[in-house]
Every structure is written in C-alpha cells, then in structure tokens.
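Colleague: Chains as they are written, first to last, in my numbering: chain A, 1 to 574; chain B, 1001 to 1255.
Please keep in mind that the hints were generated in silico from the structure rather than gathered at the bench. Wrong hints could be hidden among the right ones.
EDC-like mimics (lysine to aspartate or glutamate), calculated; alpha carbons at most 16 Å apart, straight line [as the list claims (entries may be wrong)]: (1) K1251(B) x D449(A); (2) K1108(B) x E420(A); (3) K1060(B) x D1036(B); (4) K385(A) x D1022(B); (5) K454(A) x E484(A); (6) K385(A) x D1036(B); (7) K71(A) x D97(A); (8) K385(A) x E1020(B).
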Amino acid sequence: MSIIKGSFKRQIFVIFSTVTLILVIIGGILTMQGFQARIIMDHELQDEEQEKLINERLSSFFYDAEVVLLKLSTNEEIRKELSKIRPDMSIYTQLYDISAGIRDYCSIDVYIGGECRFSTRQGGMSAPLPENYSILLATREAAGKSVYGMDPVNASGEGSALLIARKVANIKKDAYVIVRIEKEALENRLGGLLNARDGFILANSFLRPYCMLGTAEDGHVLASVRKNLFAGEKYTNNIKSNVYISELGDRGLLGIYITMPAFEESAVGTGYRIVLFQVIISIILCLIVASRMSNLFSKPINTLSIAMKRFRKGDFDTKIELDREDEFGQLASGFNKMTSQLKANMQERVDAERRVNEARIEMMQAQLNPHFLYNTLDTIKWVAKANQVPEIATLSASLASILRSSISESRFVTLKQECELVESYCEIQKIRFDDSFDLTVDVPVKLRDVIVPKLILQPMVENSIIHGLEGRRDGHIVICAKAEENAHGDGDDLILTITDNGAGISDEMIEALKEDDPEKLSGHLGLNNVNTIIRLYYGKDYGVSAQRPEEGGTVMALRIPILTNEPVKEQEET
Amino acid sequence: MISVMVVDDEKYVRAGIINETDWALIGCEVVAEASDGEAAFKAAEESRPDLVISDIKMPKMDGIALAEKLLARFPNIKIIFLTAYSDFEYARQAVRLGVSDYLLKPFKDGELEASIQRLLHLHPNAPANVNELEDKLIALKKRDEIANRYVQSAVAFIEDRFADPDFSVGGLAESMGVSEGHITRLFKAETGMGINNYLTRYRIKRAMDYLKDVQTKVYEVAEKVGYRDIAYFSNTFTKLVGRSPSDYQTKGLTE
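Only chain B is shown next, with the shape it has when bound in the complex:
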C-alpha cells in the first residue's frame, strides 16, 4: 500500500479528494491530511507518507516551500501539485524542485488516479520489460500464490466470468455456497483488496491484452471485458493505466 497525504486549505476540496478518489483501486491509502504547509510538514514527520498531493496556494507555508522542505527531509517522497491556474512560474519552480507532477484544478474524474499511477509506475526508471511493468502497474496475486482454497476458487470464478457485465459478488458467493460476507473477508485478507477491486483490475489487465491488437476497437474491448458503458470503461482504464485505452493502444505504456 502506498501511503498518501492530502494537503489543501479548502475543506471541501480536501474532503473531496480524499473521499472521491478511488484510492483502493490504485493501491493507495490516505494516512494524513493538512490544511496548510506547516501542518503538512508536521504531519509528514509523523506519518511518513510516500506521496503528497498538495495545493500550491496555501496560508502560512505554500506548496512550493513545503515541497522544498519535504524533499530535503525525505528525498524519496513523491509530490503532486494541484493548482487552479496554470502559471508558468509555478510549473518552472515545480520542475526545478523535482516535483513529480502537476494537475490543474478542477480535474476530471480519474485524472488524479491516472496521474498517481503514471508517477508511481511509469517513471523513467521503471522496468523495461513490458510484462513486469504491467504487473507493477496492476498488481494481482496469481492463483498459485494464493493459499486459501476458497479464495483460489473465487479468483478462478472471476477469471472465468469477468466478461459478464452482470457479474456480482452475490453471484460468486452463491456459486461457491458460502456467505457473501465470509468470502469478502477471506478474499480481502488473502489478496489485500476487495473482490470488486480485484475484478476491475483483472478486467483492465485483460483489456490491455486485447488492446495490444491494434485492429481491435476500444468499444469491442470494453464489451469483451464486461463493460456496457464505454465511457465508464475508458475512465476506469485511464485511472489504472494512466492513459486512455486508445492512447495505450497506439503508444503502449512506455512511449
């Protein structure tokens, strides 16, 4: 799990980022939040986040100063700036500081997740091997790595039925003859993620495989991996892979 701290002086924005971002999908969890640079630095000393999502304009200490201090204290920390206005000077300073990414507010759904995924997994030092890269990007425990029998069969069920747009956890529990709550708990304990999450990841991973064929249309892929809504598929794909299905299809991960 990647630990994340969210810093923004606006309560609604901070709460919105924390609540509305699909952290679990991309393997992150929020460990701290702060409303200004000073509080953020204190919180970072305590909780040592791997990633900081920070506004630039804040009282007491602005995002630029915070980034400077954080990078000096924790050289491996990753930072994503959020700013309302695309100011060249901010961008220049951010680049000079080695700040990882830069998002314009308000961003659309999925943009933050995509940005985080790109930052964490698609950086220039990422492994050159495509399979390895994909495994890092969308980490999934393989069936043979799973000890629990129930979970093994649940994964088998997902791998078998993922293309069904009507797939549900209830259906999975029923076919296995166990209660929904039980299998959910078991699954979570074994793989570190929920069943739906696992399913989504699996579907997108399969979609990536399908998209390697340049002749395949995006909407065909969406259908093949169990999505009825292309926009939803596209959005989910972008969150996880860091770029849109069509981009991925033409450029791959590394280009």
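Next comes chain A alone, as it looks inside the complex:
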C-alpha cells in the first residue's frame, strides 16, 4: 500500500484501473450472459418451430396412414375376400385404390395370422410376424385401433421399420392390415426437413429407435438420454446438444429432436477472451491516462514542491512558470507573489539589521575613540614633561579637558564647569598666541552651581580672541557673573559679561544681535549659535547683547535665567 500511496501517479492508476476493470469485467460478463441468453432463447424458439414442423409432418403422415388403414380394415370387399378360405388377388384392386396417397413411401401388407398374404411391396411378400407377441398381439388386443410398433424381425439398436397395424374388423380370421415404413423411407421422408447440424430420432416409448437422423445417427445421444432416464436424472445431463422430446399423439411414439447448442464452448471461450483482451486494453489505457493525468496534476505539484524546497534553502528569487489558467495557475501566481513579498520583507529586515549594526559600530567607535584619545593625550603630556616641554603638557591636558566636556552627551553644565572649560581653552590659546592676553574669571560662589547650556562662554571668548584682540600684545579678557532682577520682577537672571580691551564690536553687529538677524551674524557663527541656543531654551527675553564702552573694547552680555536644574527646551526637537 505504501508503494501506491507514495506516488500520485500510482494512486491515479489504481483508482482508474479499479473503476475501469469493474466496468469492463461486469459489463463484459453481463453482455456475454445476456447475449447468450437471448441467442439461446431465439435458438430454442427456432428449434421448437423446427420440431413442430417435423412433428406436424409426421403426424399428418401418420394420420394419412391411419385413415388408409381404417378404410382398408373396414372395406366390405376386402373383408369378404378375406373371409373366404382362399382369398384371391382381387383384393389388390381395393388395396391399391385406397392406399394410392401413401404408397410412394410405404408398403401395405395384409397378414392373415403371422403370414403376409398380400403386399404392395415390390419384389415379394414381407417377412412373417410372430403372432403371439409384439405388434400382432398388441393389434389383436386393441381391436379397432391402429397400433404402432417395430418390425421384430429386423429391429436393432440402429433402428427398424415402423409398422402401423389394424385388425380387419368383423371377420373370423385374425387378419391384419399393416402399413410398413422402412427405416430408409422414414429417413428420406424426414431428412429433407432437418438442418445439417440437427439430428432427429423417432423412437418408441421405451426409447428404442425407429430411425436416427443427422447428428443423432451414431446413437450416442439416445444412449445418453436413456442412461439418464434410467438413473432418474435429468435427461439432458452430460449432453452438450439441445434435446427436445415430445410424444407424437397417443401413438406410443417419441420424437427426439437434437440441435447443436447455440454456443459452442469455443465461442464462449472466444467471448471471454474478448473480455480479457478488453481488460488488458483498459489497463494499458489506464496506465497511459494515469500517466497523463498525473502529469497534468503532479507536474505542477512537483514544480511547486521543488520550488518550495529551493525557497526553503534560501533562494528567495524562486519563481514558478506555469502556463495554466486553472487552480494550479492561481496557486503558482500566489506562490510567486508570496515569495516576492517574503523576499521584500527579508530585504527590509536585512536592511534594518544592517542599519542597526552600522549604528552600533558607530557607537562602538564613538566609545573606543575617546579612550584612545585621552590615553594618547596623557602619554603626550608625560612625554612632554619628560622632555621638559611644559607647553605641550599643558596643551594636551587642556585639550583633553575641553574634549571631555564637548564630547559628553549632556547639554547642560554648571557655570563652574563652563568656566573651567574656558580656562582650559584659554591656556591653549595663550600658548598659540604667545601669551598675548590673559583671562580673569570672577564668578561668585553662589552662582557657580547655576546650570547653563554647554559651550556658551567659549564661543564668546573665542570671538574676543580672534576678532577683538587680534594683533594686540596686552589683551585682557574678564568674565564676570552677577545676578540681576529679571524683566518680570519676580526673580533674578544670571548676567554673564565677557569684557575685552580689543578693537570693539561694530555697530552693525550690535544691531544684528538686537534684531537676531542670522544672515548678518553668519560670519560669527559661534556668536549666532549661542544666541540661538539661549533663545531656544529660555525664550525671547534671553540671549546675547553687545555694547562698546567709551573707554574701548567690547562688552558682550549673556542673559540666562538662574536655574539649578536643566530646563525643558521650549521648542522640543522635532
């Protein structure tokens, strides 16, 4: 069973074969049987008609004979003549006259006692008949009736002459008129009625034959019938031919008509061979059709299954090419859609993963770099110290400090940290600009812990150094912090001033800062950034302003609310 279940083709074949074979075998057998029955029926009908014809012929023949016998046995002249002690030949006149109708196939004998005295037979008298048994005895006992019997003289298993006898009435002597039909005459008479393959037996009631014609000539059929009847079985047992037995009136005669069976064994065998042939043809057809059908069904399924396997192995470009419009076609296009969608999904996921990985790598690099950076700066510092170059030590330590503050993620620092950053920055700039300026930071202790945005002082100082103090040898920068009442009068603001003794800021810039004009401030990116950042965090009331005092230089002022916690940006980043 598993062999069948393992293959679609074989399953189809088995189903097809089963259905077809059932149809072919049952149909074949039924056809054979029906056909046979019908043929047999027709055959039997034909046989019956044939038999009836023979029987009628025989009956009319016997009837004619009986009429002749009656006339002869009751004829006055014949009776008178026979009553004489020595009847003479005058009897023949009557004899020939009356028997004229039947004399061409039989002879008429007149017996007195056992002796034949007169006969129409050519070539002499018939043989004497025993008086005390057989036909003469039966005739004597059945006076006034015609009696049928065999000629005890020449009777044999193969037949005998048929004698029809009647006692001549109303005379003292025992005289009999006998119609003798020789076996040959019977045979001639009936032979013309028989088909070549039929047979006929005329027998007495003890199944002793008068004559056997056609296929019955050899006597086998009669022997078989007799044997069956004596054994008390159905008389047709073991006989292949059809046998019809009928009594011919009350004459003690049996007509046995034998026909060949409608079908011979070979014919039936041929019929079944045809059925077998059909079975073989069906099986071959089933094989072919099953193979075609399975191709029709299993080919797309196989294609699908192979495609699935490929897909499972990771070939996301798998596509099924099926030029069909049925369910398989729909399945294939569905599969193709599914694979392309899955591929798209996969691609998306891979891309997302890659983006995440890239971000992760960037993060890792961002984490790695500072460590390396600070270590290197530290080493530079110590190498510089070992080689008595204190400037390099200062540069590297200050740079590290600035980097630490600017790289850190927090956006806010304490004012103290911001000042330290500016000091570090100035230490570097002092070395770069050959100590051309100095920095003073004056922040009251109570304001040191105020939270300010990171890198708001450094750009201001940078601005002073690069724009204000350019080319001067005695630069001073002073950073001052103080508290001042705010615009609403409900608290203090932090005012950070960056004062330098440099060239002095231009009126244009002062105006630009007032108007917050980014285009004009664009050259001073740092300044603009600080202003933007402060306003972004704290609103329009705060920001950077500038003035040019009479004694020269520039005073930049930052106004920031005094907060000890990080503010929430007014316009949160979008």
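Fit chain B to the given chain A structure using the hints.
Modeller: Below, chain B without anything else, positioned relative to chain A:
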C-alpha cells in the same frame, strides 16, 4: 612620610607620575612601581605602601581586581584610580570597592597632589578642629620643637622673610654666615624636608590664614605670601590644600 606605589602599564605615564609629582611637598615618597596588577600586588606585599596610584586598564590583572586583592590583604590601604575615560561602570565598581578617589587622565598639574591631600587628610573621619586639621594637612615643625640652633634661626628667617618673592636659600645662608650646603643638610635632618619645601608650606599656611578673611582677594593673598604669579600660587595652594584658594576661601576645608 607616606609610602606610595605607582601602577601603570605605560612606561612614560608611570615615569611621568613618579618624576613630575611634587611628592616631597605633600610628604610622600614613592617606594614601588609596577606595570601590571600582578606585579603590583607582589610589590605591595614587599614594600607595604600606604597609598596606591593605579591605572584601571592593565594587562594580566586590571586595576579593579588589584584593588579588590589589595583591600582584602591590607584593609587600611588607600587607592586612587587613574583612567582615561570616565566610565560609569568603573566609577560604580570603584565606589563599591571603597576605592578612595578617581582621577581622569590626563589630569592637570597639581590635581594628583590635591587629590592625595584630600584623601589623606580631608576624609570624613578627619579631626573636626580646624587648627588640628590644618596642622595635619601641612605639617610643619614649630620653632620650639626644633633642637638645632641653626635650624631654629633658619626657621625664624623664613617666618620673617617669607613674603619676599626673591627669597632664596643662598640669601638665608649668607645672613646666617654658614654655607648653603651645610644649612640645607642640617635643615633636612632636623625637619625632614628641604628649606624650599618648608618655605612653600609656610607660605601656603599663611595664605590659608589670610584667606579666612572673605574680603581679601586671592591675588592680594598671593602677593602677601611672596608669590608674583597668581597661577603658580593657586596651583601650589591647590596641591597642598586639596582645593583652590577661592574654593578654600568660600567653603573652608570641611565643606
């Protein structure tokens, strides 16, 4: 004297810390050095340092593991971590271990000394009395504790002339009529420190006194104690006191 061990896997850094730190000023001396945690632990077993200055990232045994072992073996040992990168996880572990302090590399001049001074003298269990605290922070033998006459007069000379920015050991020897080498040796033997060292300590101690007046400006104090360079004064002050002059002025030692 406080004995110190320096542990860092970088030769230049280790040498730099050992050579460039003003150990004598803060009463310390380096007794051992090591380039990794394992060697450091071995060296500590031999020389029993009071204080360990250690990098965190090192081969074989890192600073965290070293600190764990050292603290288990010598419960009173003090440890200062140096690290290039301010990693929260390191800081957390350091605090959990009870590591005393934590410095970011590269640190500026004076930061290590300040850190050591704070660690050794300004810890929470330090004496509450301000004078006592100051004496511990900047230990100076008083004149009446000194037996040697020459040294006594040298100290008197310092106490008299410390405000002179041009103060020199040569001038001191000349005024006393002895050779510079002789008085230096005598001084060192008597007080345990060099004359310049003593002078610096004395100046800073005086500066602390001056700064107790909140009205006084830092640069005025620097001038009063004989410094021309405010930055240098500020740096020296920070090394010894553990915090900047202005911080000290507003918060004192304990706040």
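Colleague: Okay, which hints does this one fail, numbers in order?
Modeller: Failing hints, ascending: 5, 6.
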